[in-house]
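Colleague: Knowing the structure of chain A, use the given hints to seat chain B with the ligands on it.
These protein sequence lines are chains A and B, in that order.
With numbering that gives the first Met the number 0 as the guide, the letters of the first sequence map in order to residues 0 to 316.
With numbering that gives the first Met the number 0 as the guide, the letters of the second sequence map in order to residues 0 to 262.
Derived from the structure by calculation, the hints contain no laboratory data.
Check the hints yourself; a few may be wrong.
Simulated restraints on C-beta separations [to be verified]:
(1) B:W202 x A:F13: 40 to 46 Å
(2) B:R168 x A:D67: 55 to 61 Å
(3) B:V145 x A:K110: 32 to 38 Å
We put the beta carbon where it would ideally sit given N, CA and C, even for glycine.
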Amino acid sequence: MNGTIHVENIEKTFKGDVRAVRGVSFDVADGEFFAFLGPNGAGKSTTVQLLTTLLKPTSGKLEVAGYDVNKDPEKVRLSIGVALQETGIDPDLKGRELLEFQARLFGFSKKEAKKRAEELLELVGLTEDADRLSGKYSGGMRRRLDLAMTLVHQPKILFLDEPTTGLDPANRKAIWREIKRLNKEEGTTIFLTTQYLEEADQLADRISIINKGQIVATGTPAELKRTLGLDAIVLQFDEEEEAISAYDAVATDEYQTERVKNDVTILAENGTSILADVIRKLDERNLHPAQLNVKPPSLDDVFIQVTNEQKEGGLNE
Amino acid sequence: MNKQQGNFFSDTLVMTKRSIVTILRNPLIFIPNLAISMFFLFVYEAGLSGIANLPAFEGANYLAFILPVSIVSAAIGGAGGAGQALVKDLDNGFFSRLLLTPSSRLAIVLGPIIAGMLQLVIQAGLIICVGFFLGLEVAGGALGVVVVLLLTLGWGLAFAGYSVGVALRAKNAQSAQAGTFIFFPLIFLSTTFVPYELIDAAWLKVAASINPVTYLFEAMRTVLIDGFTDTWPIVLGFLVIAGLCAITITFSAVSAKKAVSTD
Ligand SMILES: Nc1ncnc2c1ncn2[C@@H]1O[C@H](COP(=O)(O)OP(=O)(O)OP(=O)(O)O)[C@@H](O)[C@H]1O
Ligand SMILES: [Mg+2]
Chain A
0 MNGTIHVENI EKTFKGDVRA VRGVSFDVAD GEFFAFLGPN GAGKSTTVQL LTTLLKPTSG
60 KLEVAGYDVN KDPEKVRLSI GVALQETGID PDLKGRELLE FQARLFGFSK KEAKKRAEEL
120 LELVGLTEDA DRLSGKYSGG MRRRLDLAMT LVHQPKILFL DEPTTGLDPA NRKAIWREIK
180 RLNKEEGTTI FLTTQYLEEA DQLADRISII NKGQIVATGT PAELKRTLGL DAIVLQFDEE
240 EEAISAYDAV ATDEYQTERV KNDVTILAEN GTSILADVIR KLDERNLHPA QLNVKPPSLD
300 DVFIQVTNEQ KEGGLNE
Chain B
0 MNKQQGNFFS DTLVMTKRSI VTILRNPLIF IPNLAISMFF LFVYEAGLSG IANLPAFEGA
60 NYLAFILPVS IVSAAIGGAG GAGQALVKDL DNGFFSRLLL TPSSRLAIVL GPIIAGMLQL
120 VIQAGLIICV GFFLGLEVAG GALGVVVVLL LTLGWGLAFA GYSVGVALRA KNAQSAQAGT
180 FIFFPLIFLS TTFVPYELID AAWLKVAASI NPVTYLFEAM RTVLIDGFTD TWPIVLGFLV
240 IAGLCAITIT FSAVSAKKAV STD
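Just chain A, same shape as in the assembly (with noise of 0.2 Å):
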């Protein structure tokens, strides 16, 4: 059993000549962490879908656990667990029953399941409302529900399709803290669709950045921001007018100003090295920001680049 994926060429296009996923090739190794980032639309959801046998690619060639998902896709099942973005609870079955019946369908006999039931709500900290009708629970709740139930059978790659949506602060760091310890002690191969890029950030041993069906950028979270990754100037100013003003004095072809009611940002290579020239065109025009920061680049900053500048021309790896 090994935990790579292998996607080559893979092209999705749905009825009406949506074409979610055009041509996405990447591999991914025996217990790596992979992140998969993308705005709304993108096709992470899609290439999921088509990872996990719930959708035909339109064509390409996918292998998932080294088998042919085409071909062999009850090997695939029972070597992945799959939390797609919408949850998948009966609502009339009790947070137990649910993994008690999920363990049965992977071949627990009824003690197992039981078992394992009990170890897993406990795992996401369900085991008082165990029996509850799950259709009762919160949106929090059913989502680790969900995991717990993702979980049941160990698989060997694990497939998270933006797995935290939805979850307070505390309920996430746990459900990363398991992921985490999944993937390091365990082995999983973790396949993450997320929007939350500090998570890809902190997690991932490397990621794609997906956009409009097409992988735009890929490498370790590292690499993504050094090659990049811009520096960001903030000017912060307590009235809109003067932010006004200020996008007017700085804004040259040279680097990218943006401006969002009172805060100018102005992205460039080296932040420090403009520094001098903005301030001095500041003061020219006689404008105090309430507030100055210099930032180092973001995964944030990578992402909004990468994905904006393919609407003008296009970027490549």
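Modeller: Relative to chain A, chain B with the ligands alone:
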């Protein structure tokens, strides 16, 4: 590690159990179904029993004649509910979870189908009890009642299979409901209220003779009215229903494969 393919029978059992639990936890859905089928028996008997005096009935008791109609029409609630249960699973994403398990697609659809069938058999049992209360006499005796229930079982599987298949294609409650409209031509383009010889319109005779439900009615009526003197209509009834089951259950299992992967 524990992961392995469960076996087909235990998977089917686990799926069926889950469907039954789900039904029992929604009594407001199944109790009206039970009530409505008994209501039909009352009104048919009260309103139409006079026509049993026509010579073509050969003195048969109209209650025994109309009882199969009541049982067959109960399927729309009981067995038809299997389709509604499936739409619910599709809506709340649970169906995707089921598809992600290593269970066979047939086991996945058999859960709600068998649960729907059982609901229909229980309904039929109650209808027969009410029938006895109204003065029903069964020529085939206790064995006759068992045969009627077995035929009901077959019809329940066939109809639930159909309704699950339609739900998987339609993917929403309205269309799934619309799909069950096939039921009306099935039940009324047949020997529903009068025997074949009394049907006047030639087109209705043709429709009745190609309608599988006619053979179900005939088999049940033979057992109820004549007992086991002539077994051919009974055998034919079982054969037709078995064929129908094979078709509709295959349809639902194939639809399950395509349910999520359609585009
Ligand atoms: N079943 C479907 N039929 C038609 N179009 C679809 C279907 N599923 C997804 N799409 C389209 O495919 C594109 C990609 O959708 P997808 O759900 O993969 O995005 P995503 O990256 O997961 O977005 P989000 O961050 O919002 O979850 C979108 O344009 C979406 O409308
Ligand atoms: Mg998504």
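Colleague: For every hint, state whether the structure bears it out.
Modeller: Do the hints match the structure? See the list:
no.: 1; hint: B:W202 x A:F13: 40 to 46 Å; verdict: holds (44 Å)
no.: 2; hint: B:R168 x A:D67: 55 to 61 Å; verdict: violated (27 Å)
no.: 3; hint: B:V145 x A:K110: 32 to 38 Å; verdict: holds (37 Å)
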